[in-house]
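> Spelled out from the first residue to the last, the chains are:
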Amino acid sequence: NAGVMQNPRHLVRRRGQEARLRCSPMKGHSHVYWYRQLPEEGLKFMVYLQKENIIDESGMPKERFSAEFPKEGPSILRIQQVVRGDSAAYFCASSPIFGGIQETQYFGPGTRLLVL
Amino acid sequence: SQQGEEDPQALSIQEGENATMNCSYKTSINNLQWYRQNSGRGLVHLILIRSNEREKHSGRLRVTLDTSKKSSSLLITASRAADTASYFCATGITQGGSEKLVFGKGMKLTVNP
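So the sequences go chain by chain: E and P.
Be aware that the first sequence starts at 219, since it is given in this note's numbering, and climbs by one per residue.
Be aware that the second sequence starts at 151, since it is given in this note's numbering, and climbs by one per residue.
Note that these hints are calculated values from the structure, not bench results.
There's no promise every hint is true.
Said to hold, decoys possible - Below, computed lysine-lysine pairings styled on DSS-like, alpha-carbon distance capped at 27 Å: (1) P:K219 - E:K262; (2) P:K176 - E:K262; (3) P:K220 - E:K262; (4) P:K258 - E:K262; (5) P:K255 - E:K280; (6) P:K176 - P:K258; (7) P:K220 - P:K206; (8) P:K255 - E:K262; (9) P:K219 - P:K206.
All of these numbers come straight from a predicted model, not from anything done at the bench.
Please model the complete structure; the sequences and the hints are all you need to start from.
Shown next, in the form of structure tokens:
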């Protein structure tokens, strides 16, 4: 059973470009979470999604950031018009069907975004 | 302090010694979880303790939870060089109608061979 997969592992963008980060949850998991980690910091919750639904996006900036988890395919975190402050590691986690934090979240290896 | 704050921020010990890390939090929790992160890698879930539990064991790990003091400790016994990593506590809370994990800043453990 493959773990949570994220790609790309490293992404370099120039200011103003778009960044697309992909996350494939573990098989059988229908809940996906995105977190952002700045250097020397803990993870900050961004958004919680189930298939085709955004459950909680309270941690996501209102502008330039969006997330989706379509019926088919991976979850996508999209950052438009990136700025240097978006440089960070972005982690995706998934949990089983009963979801919520009472279930363990399994983390992917992360995507390290560098904005030049 | 923020929700989920680890103490100390860094710890250096010799192989074979025990390592104790503490976590304090502010609001009521559903559970508390500990994660490990090796440099440049993703997080690995270590152990989850629910709010109605006081102690839990998993291999060389022992976690305690004191909800009256809003604190938890993670004990790693007989440490190994491979235990060198950053350790994070994360509190499972209900906020705004949904459940989420709130992470501390983490603490760096160095186990010297």
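> It remains to establish, for every hint, whether it holds in the given structure.
Against the structure, the hints come out as follows:
1. P:K219 - E:K262: 24 Å, holds
2. P:K176 - E:K262: Holds. P:K176 to E:K262 sits at ~17 Å (cutoff 27 Å).
3. P:K220 - E:K262: 21 Å, holds
4. P:K258 - E:K262: Within the cut-off at roughly 18 Å; holds.
5. P:K255 - E:K280: Holds, at roughly 24 Å.
6. P:K176 - P:K258: 22 Å, holds
7. P:K220 - P:K206: 16 Å, holds
8. P:K255 - E:K262: Roughly 10 Å separates the two Cα atoms, so the pair holds.
9. P:K219 - P:K206: OK: P:K219 and P:K206 at ~17 Å, within 27 Å.
Of the numbered hints listed earlier, not one is contradicted by the structure.
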